[in-house]
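Novice: The listed protein sequences correspond, in order, to chains A and B. Just so we're aligned, residue 1 is where the first sequence starts under my numbering, counting upward by one. Just so we're aligned, residue 1 is where the second sequence starts under my numbering, counting upward by one.
In short, the hints are calculated from the structure, not lab data. Every residue gets a Cβ at the ideal spot worked out from N, C-alpha and C, and that includes glycine. Any given hint could be a false lead.
Facing chain A, a subset of chain B residues (Cβ under 10 Å, in silico) [stated by the list, open to error]: (1) A29; (2) E167; (3) D174; (4) E179; (5) C197; (6) K214; (7) I223; (8) K225; (9) L231; (10) L234; (11) D237; (12) T238; (13) T242; (14) F266; (15) E270.
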Amino acid sequence: MNIIISNASNLPIYEQIYAQMKNAILLGDLSEGDLLPSIRQLAKDLRISVITTKRAYDELERDGYLYTVAGKGCYVAAKNTGIIREGQLKEIEEHMREILRLAPACELTGEDLIEQFRVIIQEEYQK
Amino acid sequence: MNAIELNGVSKRYDGFLLDNVSFSLPRGAILGLVGENGAGKSTTIKLIMNAIRRDGGTIRVMGEDNTTPGFQTVKEDIGIVLDEAYFPEVLNAMQVGNVMKQTYRRWDDGVYQNHLQLLDIPKKKVFREFSRGMKMKLAIAVALSHAPKLLILDEATSGLDPMVRDEILTLFNDFTRDEEHSILLSSHIVSDLEKVCDYIAFLHKGKLVLCEEKDRLLEEYAIIKTSQSALDQLPVDTIISTKSGAYGVEALVRRERLPHGMQTEFTTLETIILFLAKGGDRA
C-alpha cells in the first residue's frame, strides 16, 4: 500500500491518510482481516506526528473501516457495502445541491442544467 | 502518563522573568520548545534538570518530583545534550566512552560504537580539535548510549549543516519508535522542529504563548495576503494579527472562520510563530 503525504495539499495530514487508506480498502488493496501497521510504526515511517496518525485511525475506526484488537493491533474491517453506498449517495446529492446553489449566479434554469448534464454524460461515454 | 510536567514554574533573574510556565510532554511524544534568544528555553531546561533553583511551581520528570532524592535515579533515564558540549579537551571519542562507562550504570559500549560509526565521529582525534558539528554529534552519541528513556536537548541542531541536522532528526525519529521514549528539544530553527515534533511549546519573553499539537496549529491558522479593505470585511474574531505593507496586508487568521473559497498562503510553522510573537507584542 502506498501512502503519499503531500505538504502542498490543502487537506490536513490526517485526512490525507484517512482518504488513502479508505481508498485502499474500497479498491481491495487491503482486504478484510489484514493487519495494518501500528500507529507509531506508520507515523515514524512517514515521519509525521503520532497524534495525527492516531486521529486518522480513530476516524477510520469510527467510520467502520477498521477495528482494534487491544494489545494486537488494527485490522481491516468487513466491508459494509450498504453503509458505504449510502455515504456515496449522500455525497452525490450534496454535489447536486451545490450545483443548484451556483446556478442562479449564471442565470441557469433547471432545464439548462439537465441539458448540460446530458451533454457531459455523452462526452464522458464517448471517451 | 507524562514524561515531563511543569506546573506554574517561575524563575526570576535580574531583568528576566520566566513567568508561571505550565506544559507537559506526554510519554512517547516529541515536544519542541521554540522561542527567540533569551525567551527562557535554556532556563526551562535547567529547571527541569533541577540545576538551578526555581522561585515557584512544581516539576515532575518521569512521574517523580525533581526536588526529591528519588530524582537521582531518574537521571539515569535521561540523556541530555546542552548547547555546548563539554568533554575534557585531551580525550578522544574512545576515551570519552571509557569515562562514561564508569558514569552510567546502563552504558552500552556496542551502541556507542555504533553511533560513532553512524554519525561519522573520528575515534582517535582529541576533543579539542573537534569542529562544532562533531562536538554536538559526540554529545548526542553519548546521550543515546546509556539506554535513556527521555532525551533533553538544548539547541542541539543549531550551527550544524543541513545534512548533519537531518541525520540527527532521523535519529530522534527512530528513538521514539519505542512508545516509552520521549524527547524535549529546544531550538530556534523552527523548520527542524516542524519536521519531528508532535507538540510545539512557544516561549516568548519568559511567557508561554502556546503549547499545542503541531498539526493542529497548521490546521487552525492560515496566512492570507489581501488588501486592507478586504480584510476589514472579515469578522473581527477571524484575524489574530496583521502586518501591513505599502501595497497590501498580510494577516494570520483562523482558518475555520474564513469565508469559503478564500485563498490562503502556504503556511509554515515558522510564519505562524512569527506572527504570534509580533501580535503578542502589540497586545
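Novice: For each hint, tell me whether it holds in the structure or not.
Specialist: Hints versus structure:
1. A29: 7 Å, holds
2. E167: This hint is violated: E167 of chain B lies away from chain A, its Cβ roughly 13 Å from the closest one there, beyond 10 Å.
3. D174: With a minimum Cβ separation of about 7 Å from chain A (threshold 10 Å), the hint on D174 of chain B holds.
4. E179: The hint holds - E179 of chain B has a Cβ within 10 Å of chain A, the shortest such distance being about 6 Å.
5. C197: C197 of chain B check passes; min Cβ-Cβ to chain A is 7 Å, inside 10 Å.
6. K214: Result: holds, 6 Å to nearest chain A Cβ.
7. I223: Not OK, violated: I223 of chain B not within 10 Å of chain A, min 13 Å.
8. K225: Since the shortest Cβ distance to chain A is 16 Å, the answer is violated.
9. L231: Because about 21 Å separates L231 of chain B from the closest Cβ in chain A, which is outside the 10 Å limit, the hint is violated.
10. L234: 19 Å, violated
11. D237: 22 Å, violated
12. T238: Because about 18 Å separates T238 of chain B from the closest Cβ in chain A, which is outside the 10 Å limit, the hint is violated.
13. T242: 23 Å, violated
14. F266: 7 Å, holds
15. E270: Hint violated; E270 of chain B Cβ to chain A Cβ min 13 Å, cut 10 Å.
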